[in-house]
Amino acid sequence: MITLSMRPCGDFRTTYKADTRIFETRFILLLTIMTVVALCFAPLFLDAYYLTLFIQVSYLGIAALGLNILVGFTGQISLGHGAFFGFGAFASAWISNSFAIPVWLSIPLAGVLTMAVGMMFGLPAARIKGLYLAIATLSAQFIIEDFFARADWFSGGSYGAAADPVSLFGMDFDSDQSFFYIALFALVFMYLWGTNLMRSRDGRAFVAVRDHYLSAEIMGINLTWYRLLSFGVSSFYAGIGGALYGHYLGFVSAEGFTLMMSVQFLAMIIIGGLGSVQGALLGTIFIVLLPEVLEATVSLIGSTGLMDAGTLVENLAYFKEMAVGLVIILFLIFEPDGLAHRWKQIKSYWKFYPFAY
Amino acid sequence: MQKTKILKASVIAAAVGTLLTMHANANAKEKVFVGHLADYSGPTAAVGKHYADGIKDTLSWLNSNGGIDGTELEFESIDYAYKVPQAISNYKKWTSRKNMVAMQGWGTADTEALISFAAKDKVAIFSASYSGHLTDPTGKNPKTKKPAPYNFFYGASYSDTCRALAQWAKNDWDQKGKSGKPGFIHIGDNHPYPNAPKKACAEYAEEIGFDVKPPVMVSMKPGDFKAQCLSVKTSGADYGYVANLGSSAVSLIKSCETVGTDIQFMSNIWGGDKLIFEAAGKGIDNYVFPAMTPFWTDNVPALENVREIARNSSRDVSFQPHHYIRGVCTTLYMAEAMKWAKVNGGITGENVKKGMYAKKNWVPEGMDDVCLPANWTSNDHRGINTVNIYQAKWNGGDINVDRISQIELPRRDDWLGY
Numbered sequence: 001m002i003t004l005s006m007r008p009c010g011d012f013r014t015t016y017k018a019d020t021r022i023f024e025t026r027f028i029l030l031l032t033i034m035t036v037v038a039l040c041f042a043p044l045f046l047d048a049y050y051l052t053l054f055i056q057v058s059y060l061g062i063a064a065l066g067l068n069i070l071v072g073f074t075g076q077i078s079l080g081h082g083a084f085f086g087f088g089a090f091a092s093a094w095i096s097n098s099f100a101i102p103v104w105l106s107i108p109l110a111g112v113l114t115m116a117v118g119m120m121f122g123l124p125a126a127r128i129k130g131l132y133l134a135i136a137t138l139s140a141q142f143i144i145e146d147f148f149a150r151a152d153w154f155s156g157g158s159y160g161a162a163a164d165p166v167s168l169f170g171m172d173f174d175s176d177q178s179f180f181y182i183a184l185f186a187l188v189f190m191y192l193w194g195t196n197l198m199r200s201r202d203g204r205a206f207v208a209v210r211d212h213y214l215s216a217e218i219m220g221i222n223l224t225w226y227r228l229l230s231f232g233v234s235s236f237y238a239g240i241g242g243a244l245y246g247h248y249l250g251f252v253s254a255e256g257f258t259l260m261m262s263v264q265f266l267a268m269i270i271i272g273g274l275g276s277v278q279g280a281l282l283g284t285i286f287i288v289l290l291p292e293v294l295e296a297t298v299s300l301i302g303s304t305g306l307m308d309a310g311t312l313v314e315n316l317a318y319f320k321e322m323a324v325g326l327v328i329i330l331f332l333i334f335e336p337d338g339l340a341h342r343w344k345q346i347k348s349y350w351k352f353y354p355f356a357y
Numbered sequence: 001m002q003k004t005k006i007l008k009a010s011v012i013a014a015a016v017g018t019l020l021t022m023h024a025n026a027n028a029k030e031k032v033f034v035g036h037l038a039d040y041s042g043p044t045a046a047v048g049k050h051y052a053d054g055i056k057d058t059l060s061w062l063n064s065n066g067g068i069d070g071t072e073l074e075f076e077s078i079d080y081a082y083k084v085p086q087a088i089s090n091y092k093k094w095t096s097r098k099n100m101v102a103m104q105g106w107g108t109a110d111t112e113a114l115i116s117f118a119a120k121d122k123v124a125i126f127s128a129s130y131s132g133h134l135t136d137p138t139g140k141n142p143k144t145k146k147p148a149p150y151n152f153f154y155g156a157s158y159s160d161t162c163r164a165l166a167q168w169a170k171n172d173w174d175q176k177g178k179s180g181k182p183g184f185i186h187i188g189d190n191h192p193y194p195n196a197p198k199k200a201c202a203e204y205a206e207e208i209g210f211d212v213k214p215p216v217m218v219s220m221k222p223g224d225f226k227a228q229c230l231s232v233k234t235s236g237a238d239y240g241y242v243a244n245l246g247s248s249a250v251s252l253i254k255s256c257e258t259v260g261t262d263i264q265f266m267s268n269i270w271g272g273d274k275l276i277f278e279a280a281g282k283g284i285d286n287y288v289f290p291a292m293t294p295f296w297t298d299n300v301p302a303l304e305n306v307r308e309i310a311r312n313s314s315r316d317v318s319f320q321p322h323h324y325i326r327g328v329c330t331t332l333y334m335a336e337a338m339k340w341a342k343v344n345g346g347i348t349g350e351n352v353k354k355g356m357y358a359k360k361n362w363v364p365e366g367m368d369d370v371c372l373p374a375n376w377t378s379n380d381h382r383g384i385n386t387v388n389i390y391q392a393k394w395n396g397g398d399i400n401v402d403r404i405s406q407i408e409l410p411r412r413d414d415w416l417g418y
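Just so you know, the protein sequences line up as chains A and B, in that order.
Here the first sequence is numbered in my numbering, starting from 1 and rising by one per residue.
Here the second sequence is numbered in my numbering, starting from 1 and rising by one per residue.
Everything labelled a hint here was simulated from the structure, so no lab data went into it.
The beta carbon of each residue, even a glycine, is placed where N, CA and C say it ideally should be.
Each hint should be verified, as a subset may be incorrect.
Unchecked claim - Take a look, some chain B residues computed to stay more than 10 angstroms from chain A by CB distance: (1) Phe33; (2) Thr71; (3) Ile88; (4) Arg97; (5) Gln167; (6) Asn312.
As the list claims (entries may be wrong) - Below 25 angstroms or equal to it, Euclidean Cα-Cα: the simulated DMTMM-like pairs (lysine to aspartate or glutamate) are: (7) B/Lys83 with B/Asp189; (8) B/Lys360 with B/Glu408; (9) B/Lys83 with A/Glu217; (10) B/Lys199 with A/Asp152; (11) B/Lys122 with A/Asp146; (12) B/Lys83 with A/Asp19; (13) B/Lys140 with B/Asp369; (14) B/Lys83 with A/Asp47; (15) B/Lys359 with B/Asp369; (16) B/Lys143 with A/Asp164; (17) B/Lys31 with A/Asp47; (18) B/Lys199 with A/Asp146; (19) B/Lys98 with A/Asp174; (20) B/Lys120 with B/Glu76; (21) B/Lys274 with B/Glu257.
Excised from the complex, chain B in its bound form (with noise of 0.2 angstroms):
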C-alpha cells in the first residue's frame, strides 16, 4: 500500500516535473503557431499521406535549420481523416489557444469550411484544394461565389491544369498532323472535385478547336469500368481528361486496356504518379499527367535539396511522389512568405498573407527548377500558370516517366475564379 502510494507520487511528481521543463523551454524561445491537418486515413489517404510527409518533412526541416530566422515553428499534425467537423474543431483550438498565423490544410471538404473563418481570424491557409474559385481573394469576377482572401495554393488551378492539358493535346494533334476536329472528353465521377474543371475545361476545349464530347460518369470508387470504357470508345474522342482520383484512374486504364479503348489518357494532378503506374500495368502507355514539380529521379539540382529535407526526418529518399516534393514547395512558400513578414511588422496571419504578394515570380531559396515561379497578387491568387506535363511509358514494365512539354498559360481575367 505504502509502496503504491510512493509510486504514484513520484510518478505525479516526474509527469508535473517534465510538463513544467516543457514549459519552460516554451518560453525559452520565440515561437509561431503553424496547423497542419492531414488525411492519413480518409478516403483521399492515397496522396494525401505523401504530401502530408512532404509538409511535416519542411517544417521539421526548416527548425533544424533555424526556423524563421531564429523563430521556431511550432506545428501540429493532425489526421483529421477528410472529415469537416474535425478539420473545424481543430482549427478553433489552434486559433484560440495556439494563436494561428498559418494553416497548412488539404483537400476541398476543409479548405471550403473554413473559408469564411480564415478572412475573419486572418489565418493564411495553404491548402491542396486546386478549386480554380479559391483563386479569386476580391471576388472580382462575377462568377465567383465566395471570395476567399486567406486562401492560397501552390500549383495550377483545376481548371488551369485542364486548360493546359487541353492545350497540349491540341498541339499533340496538329504535331502528328491529323486532320480534322480531334474529340475531347472528361472522364470523372459527378462529384464537386472531379466537375471542379469540368466546365471551365470544356469551353476552352471548344475554343481552340476541340469537339467536346458528353462527358462519361466514372465512379471515384474504383470498380469494373468496362461499361464506361465502350462509351469513352463509341463516343469517337481522341482525347481524355480522367479528373478522378489516383485508384479509381488505375481500374479505369485497366479496363479500358481490355475493351482496347484507343483514346490518349490525360489526368489531373492526383491522378498520376509512380505508385499509379506500377499498379496500372501496360495500359499506362502513354499516359500523360501534369506535375508542379520535377520527378524525383529527374536531373535537376535542387532536388538535392529536397532530398536533404526527407533525409532529416528519415525517410526514404530513394523515391517519393511528387505529391511530395509539392507539399515541401507549398510549405517553403509559406516559409519565405513569413521570413518577409518577420522584418516587416512581425509574423501575423495578414503579414504572411503580404508577404505572399512581396515578390514577382519567385521561388523558394534553393528550389531553383524545382518550384515553378509563382506570382500571387493581392487580386490574383493563380500562383502558378504554368504547368509540366508528363508522359510515362509502358517500357516492357520498366516504366521511363519523361517531361513532354511546358505549358504557360495567359492569366485570362474571365479564368479568374473559374
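So here's chain A without its partners, still in its complex pose (with noise of 0.2 angstroms):
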C-alpha cells in the first residue's frame, strides 16, 4: 500500500502543506491540464472506437475510484460493487423517466439514491470485518440483482429500462465524439473530488481506521460512521459510473451487473493499486485495454494468414480468459503494490537520472 510516511530518498518537503499538494510539482499540474486540453480535441482526431474505450475507462474508473476509497483507503471490502454501478443506471433511468427531471440532474441524483442504499448495505461494517464483511457485502449483490429482475417499476424487470441521453442547452450528447465531454468532464470532476476529499480530514480518518482501528478509535475517530461513510462515497461514485453507462448506452438491462463485475472492479484497484487514486485509473485503464489488446493480437495474427482466423478466434477465446487470471496473479506477486507503484518507479528514475540509487 502506498503510504505518506514512506518516501523514497531525495525526495524533501518542508513545509506540512507540501505534503498535501494534489500535484507535486508545477510541472506536473501543466502537463495535466495540457493533458486534458488535448483531450478536449481528441473526438476531432479519434474515431468511435478509441472513443468508446476513453467512455468506458471513464464510467468503470470513476466507479473504480469508489472501490478503491473503501478498500485501498478505509481497508474495507466490497463484493457487491457491481450491484451498486447496476443501481446507479437503473436510478437515474428510473428519476429522469418518472419524474421528468432532466438527465444532468438524475445523474448526481441517482449518486446521492445510490449512496443511501450502500450506506444501508455497509451497515454490518460497523460489527464485523475481514472476510465476514466480505460475505456480507456479497449479499448486497444478491439481493440488488433479484431486486433489478423483480422490481417491474424500477428497472423494468426482464424488459429493462430505457435512458435518454444527455442533454443540454437543447443539444443531445448521443454520439459518441459528443458524450466524450461528459466522461472527461465527470472523469477529472470526480478524481479531482476523490483526491481532495482524501486530503481532508475525513480522507484522514479514512486512512487512520484502515491502518489501525483501535488508534484511530482512540484518537476520537467514530468507527462506524466513518465507515459507514466510506460506504457511502463509495457507492456514489458507483451510482454516478453506473448513471453514466446507462445515459451512454441509452438502455439499461437488469443482466450484466453480476458478482463477475464485482470482481472486476477489485482486479481493477489491484492491479491499480490500492490506496491511490491514480491506480485506480491505471487500473481500469489496464482491464479495459487488456482484451482489446488480445483481440488485436489475434486479428494481426490472423490477417497474415499464417494461421486460419476462426479457429484461432475460438482456441484464443480460452488463453484470453485465462490471460486475466494470469495477469491478476502475477500482479499479486510481482507488483503487489500495483501500477501506481511502478509509475511512481519510472517517475522517480527520470527524476534522479543518472543518480538513481
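From these two lone chains plus the hints, build me the complex, please.
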C-alpha cells in the first residue's frame, strides 16, 4: 500500500502544505492541464472505437475509484460494487423517466440514491470486518440483482429501462463524440474530488481506520460513522459511474451487473494499486485495454494468414479468459503495490537520472 | 550481428509485402462488412457455439458462391464471451472503421446494449435474443419501453414460443380427454432471460383455460433441484415450462426423475437439443421442445443445402443441433435482404432493413421447409409466428426426436413487443 510516511530518498518536503499538494510540481500541474486540454480535441482526431474505450475507462474508472476509497483507503471490503453500479444506472433512468427530471440532474441524484442504498448495505461493517464483511457485502450483490429482476416499477424487470441521452442547452449528447465530453468532465471532476477528499479530515480518518482502527478510535474517530461514510462515498461513485453507463447506452438491461463485475472492479484496484487515486484509473485502463489488445493480436495473427482466423478465434478465446486471471496472479506476486507504484518508480528514475539509487 | 540484421530486415520486408498485397487484393473486389459477435467461451457457450458456427459457415459459404451477387461479405467473428463492454467496443470498431452495414449478434446482453446505437447508426442487427420487446420497431404497444427499429431475429419470440407451447398443451389435454382445468407452471430463474415470457405466457395460459400455478424458481446454474421438483410436484401442475438454458434443464430433469414428478415438461428454444437429451437420461422421455427449423436428421430435402454449408467449412455433417440451422437461416435472411438492397439503392443498413420488409411469406432461396416462411413489416418485427413442436422419446437410450405438431399463433396487436 502506498503510504504517506514512506518516501524515496531525495524527495524532501519542508512544509506540511507540500505534503498534501495534489500536483507535486508546477510541471506536473501543467502537464495534467495540457493533457486534459489535448483530450478536449480528441474527438476531432480519434474514431468512435478509441472514444468508446475512453468512455468505458471513465465510467468504470469513476466506480473503481469509489471502490478504492472503500477498500484501499478505509480497509473495508465490498463484493457488491457491481450491483451498486447497476443500481446507479437504473436509478438515473428511473428518476429521469418517472419524474421528468433532466438527465444532467438525475445522474447526481442517482449517485445520492445509490449512496443511501450503499450505506444501508454497509451497516454490517459497524460490527464485522474481514472475510465476514466480504460475505455480508456479497448479500448486497444478490439482493440488488434479484431486485432488478423483480422490481418492474423501478428497473422494468426483464424488459429493462430506457435511458434518455444527456441533454444540455438543447443539445443531445448521444454520439460518442459528444458523450466523450460528458465522460471527460465527469472523470476529471470525480477524480479531483476523490483526491481532495483524501487529503481532508475525513480522508485522513479513512486512512486511520484502515491502518489501526484501535488507535483511530482512541484518537476520537467514530469508527462506525467513518466506515459507513466510506461505504456511502464508494456507492456514490459507483452510482455516478453506473448512471453515465446507462445514459451512454440509452438502455439499461438487468443483465450484466453480476458478481463478475464486482470482482472485476476489485481486480482493477488491485492491479492499479490499493489506496491510490491514480491507481484506480491505471487499473481501469489496464482492464479495459487488456481484452482489446489481446483481440487485436489475434486479428493481426489472423490477417497474416499464417493461421486460420476462425480456429484462432475459437482457441484464443480460452487463452484470453486465462490471461486475465494470469495477469492478476502475476501482479499480486511481482507488483503487489500495483501500477501506481510502478509509475512512481518510473517517475523517480527519471527525476534522479543518472543518479538512481 | 550482421546476420540478425539482415534477417530482421527481411522479416519486416516480408510482413510489409504481405500487408501490401493483402491491401491490394482488398481493393480489387467490392466488399461489404458484417460483424459477428459469438459466444465461444462465456456462460452461454454451450448453445452459442453452434449458433455461431452456423453463422460463420453460412457467411463463408456465401462468399465461396459469389457473395451478395458479386459483393464479397467481409466479416469478422469475435468471441466476446457474453461480455457487454467487449460487445460495445467491437461494435464501435466495426462501425467507425469498417463501415458495418449489418451485424450478427448473439444474446440478450449484447443485443439490448446495442439497441440505441444501432438505431442511430442505422446498422441492422440480427441476433438470437428472442425477447418479445425487440419485436416492436415503432413503439406501437404502450408497454414497449424502448423501440428497437433495427433489431431482427429469426424465430418466434420467447413469449410467442411459450404461448404456442401452452396452446399445444391445451390441445394435448383435450385430446387425451382429461377433464378439469390443467395446471400450468413456469420453472426458471429470476433472471431477465427466463423471466422474458413469464407474464405474457401466464396470461395467455389463463386465457385458454389453464390454472396457472405460482412459478417455481430454479437456478440458471446446474445443481441439485430435488427440492424444487418437490414444489413442482406438490403444486399440482400438469404442464411445466422450463425457462432456463440447457445445462440447468438437464439437472432439473434428472432431479425430477429421482423425485418422481409426474409432469409434462416443455422447454424454451434453448432448452432442448440432442446433446441435452443424451445428458439428461431416462427422465427425458416425452420432453417437448420448440424449434424454428427441422431436426438435422429429419427427412427434408433442403437440409442437403444446409449440409453443403457445413461441408464447405469442413464441419461434421453427421449431426449439428438445430441451433446451427437457425444460425444458417438467420444469416440467409440477412443475405437475401442484402441482395434486395443491392439492386434498390446499394447495401446500406437502412436498405437492408427495407430489404427485410420487401417480401411477404418468404423463405431464403433453397431453404424450403428448413426456414419457416417469415414476415417482417415496418411496424411489426415478429418475423415468425409459427412454432414447430418436437418431442423426445427415450426409447431405451436410442433417443428419438419427432415433430408432433406445428402451432400457428395469431398476430395479436396486444402481443406486439410483449
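Verification of the hints:
1. At the 10 angstroms boundary, the C-beta of phenylalanine 33 of chain B stays outside the reach of chain A, the nearest C-beta of that chain being 13 angstroms off.
2. Distance check on threonine 71 of chain B: its Cβ is at least 20 angstroms (rounded) from any Cβ of chain A, clearing the 10 angstroms threshold; non-interface status holds.
3. Residue-level check failed: isoleucine 88 of chain B sits 6 angstroms from the nearest beta carbon of chain A, not beyond 10 angstroms.
4. Look at arginine 97 of chain B: its CB is around 6 angstroms from the nearest CB on chain A, not clear of 10 angstroms, so calling it non-interface is violated.
5. Non-interface call for glutamine 167 of chain B relative to chain A: holds, since the shortest CB-CB distance, roughly 22 angstroms, exceeds 10 angstroms.
6. Every Cβ of chain A is farther than 10 angstroms from the Cβ of asparagine 312 of chain B; the closest lies at roughly 12 angstroms, confirming the non-interface assignment.
7. With a CA separation close to 20 angstroms, the supplied pair lysine 83 of chain B and aspartate 189 of chain B stays within the 25 angstroms bound.
8. Using a Cα cut-off of 25 angstroms, the hinted pair lysine 360 of chain B and glutamate 408 of chain B holds, with the two alpha carbons roughly 16 angstroms apart.
9. Between lysine 83 of chain B and glutamate 217 of chain A, the direct Cα distance comes to roughly 43 angstroms. Violation of the 25 angstroms bound is thereby established for this hinted pair.
10. Distance check on the hinted pair: lysine 199 of chain B and aspartate 152 of chain A sit about 12 angstroms apart at the alpha-carbon level, within 25 angstroms; holds.
11. For the hint linking lysine 122 of chain B to aspartate 146 of chain A, the alpha-carbon distance of about 34 angstroms lies beyond 25 angstroms, and the restraint is violated.
12. Pair hint lysine 83 of chain B plus aspartate 19 of chain A does not hold up; C-alpha atoms about 42 angstroms apart against a cutoff of 25 angstroms.
13. In summary, the hint linking lysine 140 of chain B to aspartate 369 of chain B is not supported, as the alpha carbons are separated by about 32 angstroms, beyond the 25 angstroms threshold.
14. For the hint linking lysine 83 of chain B to aspartate 47 of chain A, the alpha-carbon distance of about 22 angstroms falls within 25 angstroms, and the restraint holds.
15. Pair hint lysine 359 of chain B plus aspartate 369 of chain B holds up; C-alpha atoms about 17 angstroms apart against a cutoff of 25 angstroms.
16. Distance hint between lysine 143 of chain B and aspartate 164 of chain A is fulfilled; the C-alpha atoms sit about 17 angstroms from each other, no more than 25 angstroms.
17. Distance restraint check for lysine 31 of chain B and aspartate 47 of chain A: the Cα-Cα separation of roughly 21 angstroms lies within the 25 angstroms cut-off, and the hinted pair is therefore satisfied.
18. For the hint pairing lysine 199 of chain B with aspartate 146 of chain A, the CA-to-CA distance comes to about 17 angstroms; that is within 25 angstroms, so the pair holds.
19. Restraint check: the Cα-Cα separation between lysine 98 of chain B and aspartate 174 of chain A comes to about 21 angstroms, which is no more than 25 angstroms; the hinted pair holds.
20. For the given pair, lysine 120 of chain B sits about 22 angstroms from glutamate 76 of chain B by alpha-carbon distance, which is consistent with the 25 angstroms threshold.
21. Between lysine 274 of chain B and glutamate 257 of chain B the alpha-carbon distance is near 18 angstroms, which keeps this suggested pair within the 25 angstroms criterion.
In the structure shown, a violation is registered for the earlier hints numbered 3, 4, 9, 11, 12 and 13, in ascending order.
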